[in-house]
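Single-letter residue listing:
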Amino acid sequence: MSLALYRKYRPSTFSEVIGQEHVTEPLSNALTSGKIHHAYLFSGPRGCGKTSSARIMARSLNCEQGPTPNPCGVCQSCKDLVANGPGSIDVIELDAATHGLVDDARELRDKAFFAPVSSKYKIYIIDEAHQLGPGAANALLKVVEEPPPHVLFIFATTEPDKLISTIRSRTHHYPFRLVPPGILAAHLEKICNAEGIKVAKGVIPLVVRSSGGSVRDALSVLGQLLAGAGKDGVTYEIAIQLLGYTDGALLDEAIDALAARDAATLYKTIDRVIESGHDPRRFTQDFLERLRDLIIVGAVDDDASHILREIPADQLQRLRSQANLIGTATVIRAADIVAEGLTQMRGATAPRLMLELICGRILLPDSDDLGLLSRIERLERTGSISLPISAPAPVSAAPTKEKVVVEAVTAEPIAEPILERPALVRAAPPTPSATKPTGPVDIAALRRLWPDVIENVKKRRRLTWSLLSASAQVLAVDETAITIGIVNAGARDSFIRSGSDEILRAAFVDVTGLDRKIECLVDSTVNAPVSARTVEDPTDADQLSGTELLMRELGAKVIKEFTKE
Amino acid sequence: MYEVFDHLIDQDQVVGILKEATAAAKDSTDESQAMTHAWLFTGPPGSGRSNAAMAFAAALLCPNSGCSNCNHCTTALAGTHADVELIRTEGLSIKIEEVRELIGRASWSPSVANYRVVVIEDADRLTESAANALLKAIEEPGLRTVWLLCAPTLTDVLPTIRSRTRNLILRTPSASAVAKLLESELISPSIANFAARASQGHVGRARHLASDVAARDRRTAILKLPLAISDLSSAFKAAQLLVEAAKKEAEAEASTRDDKELQNLKEAWGQQGSKLAQGGSKVVKELEKEQKSRSTRMVRDYLDRALLDIATFYRDVLLAQSGTTELSDAIINSDLEFEIQKLSATSTPEQTLRKIEAIMKTRANLARNANPLLAVEALMVSLR
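Residue numbers (numbering that gives the first Met the number 0), protein chains in the order written: chain A, 0 to 564; chain B, 0 to 383.
Since the hints were derived computationally from the structure, they do not count as laboratory data.
Watch out, some of these pointers could steer you wrong.
[Claimed, not checked] Computed cross-link-like contacts, DSSO-like style, restricted to lysine-lysine with a CA-CA straight-line distance of at most 27 Å: (1) A/LYS7 to B/LYS341; (2) A/LYS230 to B/LYS25; (3) A/LYS230 to B/LYS18; (4) A/LYS110 to B/LYS135; (5) B/LYS179 to A/LYS7; (6) B/LYS341 to A/LYS78; (7) B/LYS135 to A/LYS161; (8) B/LYS25 to A/LYS7; (9) A/LYS267 to B/LYS135; (10) A/LYS197 to B/LYS25; (11) A/LYS267 to B/LYS18; (12) A/LYS197 to B/LYS341.
It should be emphasised that the depicted structure is a prediction, and the values quoted were computed from it without experimental measurement.
Start from the sequences and build out the full structure, keeping to the hints where you can.
Shown next as structure tokens:
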């Protein structure tokens, strides 16, 4: 068994570490000038050189010529600490994940005070430091802060935030980064040459893409490709097949089906994806990437070739036409759904089912706002809306009908604009007569909507609004009319004279869907209905006797009456 | 040579890679990258991840590269080979204590064969600290140690584990391949076909469905549960039926195993009369804890399977609603064709989709340790 590429090509000096100049240069300078700190923290994503750099640091420090950024490679320490070497007794590499208990830390602390055996420094490399338990980390604090002069700590971790802050504050923190594609590609090509295997054009970018910028990921994938190399090296086809990338034709087919909103074709495409042995997850990922490309093409149009450098011109043309066909909003929505579906595609679910579910979501725009929709649907089915919601049609039609046939309205399927007024639906509590679709109109609900009606009136005519806003309230509602109470006779007269009742009627139609005649009374008890939205108008409730109140609010029934003694 | 791989269904590409790796592993002069020290097998449940890993282990250990007859092969496949460390759990997770112990053993030299192979069947069930503990061991194992990890998808393991391993993707076996396999096991074509579809490429489940009439009936009964829901009370009843069936299944399994295990353990700790040897009660307690965790998982797994089955039914409805006729092959529950057609005609695709979403949400809730009965009741009410 030959060594895996990522072990074989592990760097042994800082100059061999790629893509981390922002870390390696300051460290090299520190080594040259001899300004060595006693504790370092290397953090960064997987496979970008943290552990390797920690080992290099140790090697550079313990070299007989050292501290130097260029270890001599001749002395015993350098030979011991070279990549894949036997290791040195003075460089102790600990795995915090397996030695993360407080006892391990105590032991380390005790041993740290012994002088190194043969080198200048005794160096503790604590890898996966985020797995140090809280006890262990705290036990280390003192020795990390003021270690004996011969001891140095290097912490390496993928998750520096998990390391307690008191350790972090005692260290010099060097964050590593993912490696940019250009540098990574050059590095991979060098390794392919060193391995003596020919790699077709276009394969390296694939490897870079699937590695996501991590050198170790890239080398793992490259190793897999080199293993599958035939007589003429790694061809593009072999790479696509081994990495499981989706055939561009399948993606095109799926996108076209999406553009045409053709569910049958889309499901058929999925069928083909599965039957041809593609990984559904991979397909989803590639699909998402294609959607991303479409978003970019749709947004920048002509300059897209500068951003999507790796896509050839003819395919860009196709993307452009696809983007035009679908429309940006749909693409973005689809991308959202796919991205979310991708996170759900784990564990023990049949991936095909998930993929089909994602496509179903994309194709059915109304499947969003699930809660709202299902709520309406439930109401629709049980018919418990006591406030009849009419379709918006009566609004445009001249509101001349004296009576709205309530049955017909509730039985009708709810039309779209209703969705914009969820408050209305919520405002209508089921009443005891819920089973009958022709239940009485709920005055409480109407009162709650009163502020909205007033607002609507304001848009229609300021005069009417000023008459109503501070001094009117809904008194009653029945099959034919809505009765309004206005606080004084003068206001009522000018209300009627100005023809405001038609305005109010139109406003009621608009807000509640109720088309009723407006009747006006003088009612001096009406207060400004400021609080109507939140609380039932208290003065009004006070007017009712206790029995009436109970009957109205709770649907109580009078069973028996007693006289008070 | 390579006969051990014959049991993998419809995985030609993966088998090809494994054969080359085996050949490279046997050749001490080999310098190619064909063989490496850490592999990650991913694929949907039932595609044969662990079978692939065990077969690979056998091929590595067998002097004839996996003849499937010799002592090495048979013991490796059974998981009892001296140089195979097999980690599998029937509980909810693999804990760090187990992994720590494993790491020590993994670094030993092989005793009888050329390699020491560590197989972790449920790498997705490693706890976070356990997975972290593996990192160093997986990255730079001993010269003759090979790690084989299995997980449903790449995202089920830590990215740091993923980056240290070579990933092999097993495909979902096609329905025709599964049906062919079942037919070769003397199962009538129509049943084989049904089982292959209903299991969605899960070979073990297909075999179970094909060979057990009761299992088929149970599945149909579960599928018909939501169809019978008309009002609240029937919804609650359906939920209760489902959860009780799950519990009963788990109990039936447990009653045959738990007592026996407990008895054996107690005997091993010298129980005569009522007294155990020192330390025995602790071990017994641990076993009881493990059994409890196992039965929790069984209830959960059963419900999850049932919910998925119901989801496939609605998925069929959705497919029928898409208006295609060419995909009649793709209908999973062909035995319920009438119900599917009926429901697809009387509901909208949006409703169907919402029901599937509700099922998926319930599954997620169950995985997050929701009370099974409450979760299923909520689901049944929304399936109304």
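Against the structure, the hints:
no.: 1; hint: A/LYS7 to B/LYS341; in the structure: 63 Å, violated
no.: 2; hint: A/LYS230 to B/LYS25; in the structure: 21 Å, holds
no.: 3; hint: A/LYS230 to B/LYS18; in the structure: 17 Å, holds
no.: 4; hint: A/LYS110 to B/LYS135; in the structure: 23 Å, holds
no.: 5; hint: B/LYS179 to A/LYS7; in the structure: 45 Å, violated
no.: 6; hint: B/LYS341 to A/LYS78; in the structure: 77 Å, violated
no.: 7; hint: B/LYS135 to A/LYS161; in the structure: 19 Å, holds
no.: 8; hint: B/LYS25 to A/LYS7; in the structure: 20 Å, holds
no.: 9; hint: A/LYS267 to B/LYS135; in the structure: 45 Å, violated
no.: 10; hint: A/LYS197 to B/LYS25; in the structure: 25 Å, holds
no.: 11; hint: A/LYS267 to B/LYS18; in the structure: 34 Å, violated
no.: 12; hint: A/LYS197 to B/LYS341; in the structure: 59 Å, violated
The earlier numbered hints that this structure contradicts are 1, 5, 6, 9, 11, 12.
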